[in-house]
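Those protein sequences? They're chains A and B, same order as listed.
Residues are numbered in this note's numbering as their position in the first sequence, beginning at 1, plus a constant of 9.
Residues are numbered in this note's numbering as their position in the second sequence, beginning at 1, plus a constant of 37.
Calculated from the structure, these hints are not laboratory results.
Glycine is no exception: its CB is placed at the ideal position from the N, C-alpha and C atoms.
Any given hint might turn out to be false.
[What the hints assert, rightly or not] List time: in silico DSS-like cross-link candidates among lysine-lysine, alpha-carbon distance up to 25 Å:
id	chain 1	residue 1	chain 2	residue 2
1	B	Lys118	B	Lys533
2	B	Lys712	B	Lys787
3	B	Lys712	B	Lys736
4	B	Lys682	B	Lys774
5	B	Lys712	A	Lys39
6	B	Lys265	B	Lys96
7	B	Lys593	B	Lys682
8	B	Lys533	A	Lys39
9	B	Lys83	B	Lys96
10	A	Lys36	B	Lys682
11	B	Lys712	B	Lys118
12	A	Lys36	B	Lys593
[Unchecked claim] Derived CB-CB ranges, DEER-like:
id	chain 1	residue 1	chain 2	residue 2	range
13	B	Phe128	A	Glu35	16 to 22 Å
14	B	Ala343	A	Leu254	27 to 33 Å
15	B	Thr778	A	Glu35	33 to 39 Å
16	B	Glu918	A	Lys420	29 to 35 Å
17	A	Glu428	B	Glu344	28 to 34 Å
18	B	Val748	A	Thr177	56 to 62 Å
19	A	Glu421	B	Glu900	34 to 40 Å
20	B	Pro992	A	Lys443	20 to 26 Å
21	B	Asn435	A	Thr177	25 to 31 Å
22	B	Pro992	A	Glu428	19 to 25 Å
23	B	Ser472	A	Glu428	21 to 27 Å
24	A	Thr177	B	Glu479	57 to 63 Å
Each chain, letter by letter, is given below.
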Amino acid sequence: MTNIKHTSYLILSFWITVGCNGFLEEKPSKSLVVPESLEDIQALMDVNTNHNVESFVLFLQSDDFDLSENLVNEMNEWQRNATLWKGDIENPSGVTLEFSMYYEKIFYAHLVMELLEEGGFSDQQRVNDLKGQALFYRAFGYFSLAQLYLPPYLSGKDSDEKILPYRTVSQIDLKATLATTAEIYSSIVSDLEQAINLLPEQALYPTRPSRVAALGMLSRVNLAMGDFEEARLNSESALQIKSDLMNYSLLDSADFYPFELLNEEVIFHGVQSSYSLIFSTDLLVSNELYASYDSLDLRKQLYFIPNAEGEPNFRGSYSGGFEFFSGIAVDEILLTAAEANVRTGNITKGMEHLNRLLSSRWKEGLYVERGADNLQEALSLILEERRKSLVFRATRWMDLQRLNQEPEFAKELVREAGEFSGSLDLSKEAYALKVPSRELQLEGID
Amino acid sequence: MKIFIVMLLTLCCQMTLLGQSTRIIEGQVKAGPDQELIPGVSVLIKGTAIGTVSDSEGKFRINVPQEYSQLVISFLGFKTKEIELTGSESFLDISLETLDMDLDEVQVMATGYQEIPRERANGSFVTLDRDLVNRRISTNILDRLEDVTPGLIFNRVGSATEPISIRGRSTINANAQPLIVVDNFPYDGPIENINPNDVESITVLKDASAASIWGARAGNGVIVITTKRAKEGQNLRVSFNANTTVTELPDLYYDPKMSIASFIDLERELFDRGLFNSSINSNNKPRVSPSVEALLKARNGQITRAEAESLLEQYKQQDVRRDLLNYYYRPAVNQQYSLSLSGSSPNHRHNLAIGYDRNQSQVVGNGNSRFSLTKNDDWNLLNGKLELGTGIYWVQGNSSSSTELPPSFIYDQLAGPNGEPLTITRTYSERYISSISNQRPELLDWTFVPLNEIGMLDDRSKSSDLRLNANLGYRIIPSLKAEVKYQYWTNNSQTKNHSPKESFFVRDLINQFSEFDAEGNITRHIPIGGILDLQNGRGESHSLRGMLSYNESIGKGTLNAIAGFEGKMLSSTSDGMRYFGYDDELGISVPVDPLTRFRRLHNNSLGSIPASQTHSGIADRFISYFINASYQLDTRFNFSASARKDQSNLFGVNANQRGVPLWSIGGGYTLSEEKWYKFEAIPYLRVRLTYGYNGNVDKSTSAFTTARYFVSASSIIPNLPSAAIINPPNPNLSWEKIQITNLALDFGSKNSRVSGSLEFYQKNGEDLIGDIEVPSSTGVYNFRGNFANTSTFGYDFNLSTQNIDRGFPWKTDFFWSYVREKVTRYDFTTAPSNYINSGGVFPFVGRPLFGVYGYEWAGLNPENGNPLGIIDGQPSEDYREILNSATPESLQYAGPGRPVHFGSIRNTFSWKGLELSANISFRMGYFYRRTSVNYNSIYQGAFDHADYDQRWREPGDELITQVPSMPSAQNAFRNTFYLGSAGLIGRGDHIRLQDIRLAYSFSGLNGLPQSLRNIQAYVYANNIGLLWKATEDAFDPDFRTSRPLRSIAMGINWNF
């Protein structure tokens, strides 16, 4: 019997050793976490390679560049379809990335908001910050989707057509509902308004949303919605927090990329998704636009560089490299403030913003202050400079959409290159991409 | 714990029942030509129901009351023996004589917990004995299972993570690999570290009853490998085995490609259409092919078009594959040696084996080797009451590679007419390299001369693997034995990749990170010197098992039971680091600045130096409780049952979901033992039936949101940690369960001329974990959960016949496996394109997991050669609509993608000392999709499929070809339709002469001294070729892009 006792002691002692002390609690892999802490949640918001990226399609649909036969041959089929306004950028086998990338941001945003809700954290300041970041990204996602997949706000706001999949929680096995243009925009505005109240004035890193970024984003949304009073208030508030401008005279145009990454004008860092097309020396800035820069205007030299044939390629990205910047920078907010002031009747204030910006873009000491006799003249001037400053920034598509609602700024777009051609008259047609058929099939909406 | 209490109580009762008036008789039972010790032999006290069975070493111990004096020893297939006890014997050495029905050999089912003789096992298993394990020559032990194991197939299509399937696939997307057990414990190291020469036998466990002892890890079947140990009573035996395998050169022309002439013509056409301009003009300065470079020179006026054309004509004569075969490839040569010594003294058995493998791979300068050392000992102490066993298994694996195949254009020339090394492009264009080299002579040479780089790299990896086993068994009372088994395993690996400063890789990186100031002074952010990547990995595990086994006669039969628990902890970590400016002679390296973003020279983009520091760590924890019992009622009936509960540290699962209980029951009935059984042609007939559940653990799936942390110096904010979601939450996740029913019939004819078995099984997979496609508006594309059920029906039939048994013996072993799996539940629908792309497993109710689907095909349009699909029953060229309107139901379903029938027939002929065996295997009832010309790749300048040359060019061609015309521009929808069309589906059925083995044994040569008679010399040829295939396509349906290479091995085996 003693032997049996010994054996059972042996067995029992092993059982006790492994049964307790969290033997089964050990993490199976070091780099894996179930996100729980505020640090984990912040890390979820810092996936810059996903969250700070804008679709390349916004650029392709714009008139920032000229389409040549060479360029059209270098394009993928979906890029060509986007460029020629064919209404469809679907990938025949699989997911349309330019659609899904925004929902991925939105998914992270929902997850973060839910984790904050469940977490019961005591550090309210950080919780607010993180919630603000999540709301910002959700608004960012829906706003970009709205620009691509919804008609311009002014022509679509009264329609009760349900178009875009809309989600408010992260739960995967829940079907999305479709939302109307008005619903999407009101959700964007409401998220940004909340975010403004929650976020710190400025973020530790410009890759993270901040109050000034949210104000900047909201002023952009206000413009798209034609709400100039709000646009004025929000852009002015943003400028209260940050209004640093670079002096372009101090930059060296001999550097291939003259701008620094995260330079002092950047409020929120973002880039457009990169495809081999952005390396092409056939990607030329719109000839008409290039010709409009004054010879004393340093944007002309700093933004563009001639290729081997002497034609201008873009190089002036605020990303400091080949990626096209698409974030929010002080120059854009100044231009928004200028336009919104003018449109709400304050021409002087508007021109003041414009002159402040332009004097920093001109050769040192050679800038001559602009003036405008009337609202229309001031507006034309500001819109022209807006186009010249924000070239290759992915904001032009939004401007084309909203300005074409006004007859005096309407512009028919035409492209022809070899056997390919396309045209678009946004003043007559509310153009939007089709929601990918894969999505509708899987949502069970046909 | 209840189990133990019950067992202990039973035990106490037994102790009291056995009084003083008994004597203990010990003994062992041997049988067969080698007089091997036999487990599971029934030892009964004549005239009572008291008895025992011999244990796994063939020993027994029995308490015989004084009044009885006869033992009855019986074992199926052997003559029953009665022993008269004289009262003075201490140890009985019993030898059983075989019955004339002469069952081949004593087969046991080794489960890793116990060894159960075939006659008492109800479950489904296959045992490969030493001869069968050794029949094939290979470095890897698992290869030896191929084509000799009913129900087991090597998958040649589908995921690389599932090389072997046992009775079909039991999961959708979770872990699909069988559990591999080596010497009683799940094996943690790389399987390459098992030396096949050390292996005594392999047992493959297939059904619930056989495998359920492994519980939650048995769902995909279990492969139990047992290494050699010395046998009791064995004299000193030395055995030596040496062989060399030579594999032919690879066939670089096997994968059908367009002709080089038409490729160059195509490049000219695309160039003239401006399609290479993006590459030519790109800021990245990418290389373009030599033809494009020549045409560009002509366009820029540097040469005339005629000169360019003559260059093109010259290129048409070149072929890089010729140079690769001349300078890079050689026949692979594998050498294998092993030497073992084993022997025994009355209380001690020992075995020592040394193995050495040296493999020269098919690319020059590359190869690997393996050295293994095995020592194991077994002791019987305290009069046989205590058994102690130890084992040391040490393996040192080395691999080295000094040459990589150059990434080249198909008509690049690597050597000049006299073999002098030539420059080709790599990464950058010729134009950029020559202009920058002129402009910046300070740069390191930026050209790439592939032949100069042969043998230049110094990439080595070493792995040493150590397994220490100890087991201690104590026979508490004759019928009860307690055992503790422990294994410590550790693996240390070091990978050292050294690229010297002369290599292109290093020169390129240094040049990319060179900067010039206004005066033209160079700053090198990466110092001149080699680049050294070190990767160190360490893994270790402790496994401990405590087990009680109980053998006792109860009533008219004997009870055999084991119960115990098992715990395991495994951890492994690895760290990697890159060093720059490395000087191998001095052993020094130079730190670099990994944080600053520098302008890369060739494209001015910002980038930080690709320094790498990696760390990873994993931990596995398992605790299991198991019980397994069988009751043998005389020689006719056998009942068995088992249960097991597993718990593990599955990530993100609540504690109460960590464990899963699994169980099985089974019964066997030997009809031929019945008195009424009179069927003399089949003197042995047994039916078996089992039922139960196996499980499947998948550590990659979690119910909680799981994120992976990343830190990178090259992110926008250097070193800012970010966490990416790798697993979205799924609170409803549960374990996969596989229910298996197995019904089997075993039979043997008189003299064992014909023997075999037929097993039917039904497997029902419940709550299988699979991916479903979800709308990307969820934020993910796929979602993993318990979305499917499957039902698999199959049978394994095997038959061995001794066609001629004297003079010129001829034996045939045949097996035929049938497996038909069917999805019975799938909760979601998925896009039709998923069924066409064979990337993942996408279920379809009523069809197998792997199916071959295609868009309906209506041939070519005779006017323009466009491929035609079908919309609403009408031929159509609206490819977008064809793809968008397709539904899973509207796709044409050709059939299963994996063989439904497979098997092999192996004939063995002997004559004098010669033995010839040939294995012919077959696979039937499945389909494949072949590739064809991809016009999207064509438009990107790719060297594409041979079908390009067969394409439709003018009306009338549709009568002789099914390959569409070249579209006037890239057309992704047309391309996707064609490559997914049903027109490209073929039948996979084929019969293959897999291998032939010829052996000669010197034992019959009377003139030879005894020591030389035990030599066997053998020749083995593998991958001999196809005998028949259903398809007319030129390739082997199972190897569509590269041919299985023929090999021949020669060796000797010497036992003395």
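Each hint, compared with the structure:
no. : hint                             : result
1   : B:Lys118 to B:Lys533             : 64 Å, violated
2   : B:Lys712 to B:Lys787             : 17 Å, holds
3   : B:Lys712 to B:Lys736             : 53 Å, violated
4   : B:Lys682 to B:Lys774             : 13 Å, holds
5   : B:Lys712 to A:Lys39              : 65 Å, violated
6   : B:Lys265 to B:Lys96              : 19 Å, holds
7   : B:Lys593 to B:Lys682             : 31 Å, violated
8   : B:Lys533 to A:Lys39              : 23 Å, holds
9   : B:Lys83 to B:Lys96               : 19 Å, holds
10  : A:Lys36 to B:Lys682              : 21 Å, holds
11  : B:Lys712 to B:Lys118             : 19 Å, holds
12  : A:Lys36 to B:Lys593              : 51 Å, violated
13  : B:Phe128 to A:Glu35: 16 to 22 Å  : 49 Å, violated
14  : B:Ala343 to A:Leu254: 27 to 33 Å : 58 Å, violated
15  : B:Thr778 to A:Glu35: 33 to 39 Å  : 37 Å, holds
16  : B:Glu918 to A:Lys420: 29 to 35 Å : 33 Å, holds
17  : A:Glu428 to B:Glu344: 28 to 34 Å : 31 Å, holds
18  : B:Val748 to A:Thr177: 56 to 62 Å : 32 Å, violated
19  : A:Glu421 to B:Glu900: 34 to 40 Å : 37 Å, holds
20  : B:Pro992 to A:Lys443: 20 to 26 Å : 36 Å, violated
21  : B:Asn435 to A:Thr177: 25 to 31 Å : 58 Å, violated
22  : B:Pro992 to A:Glu428: 19 to 25 Å : 23 Å, holds
23  : B:Ser472 to A:Glu428: 21 to 27 Å : 34 Å, violated
24  : A:Thr177 to B:Glu479: 57 to 63 Å : 60 Å, holds
Violated hints, listed in ascending order, are 1, 3, 5, 7, 12, 13, 14, 18, 20, 21 and 23; each of the other numbered hints is respected by the structure.
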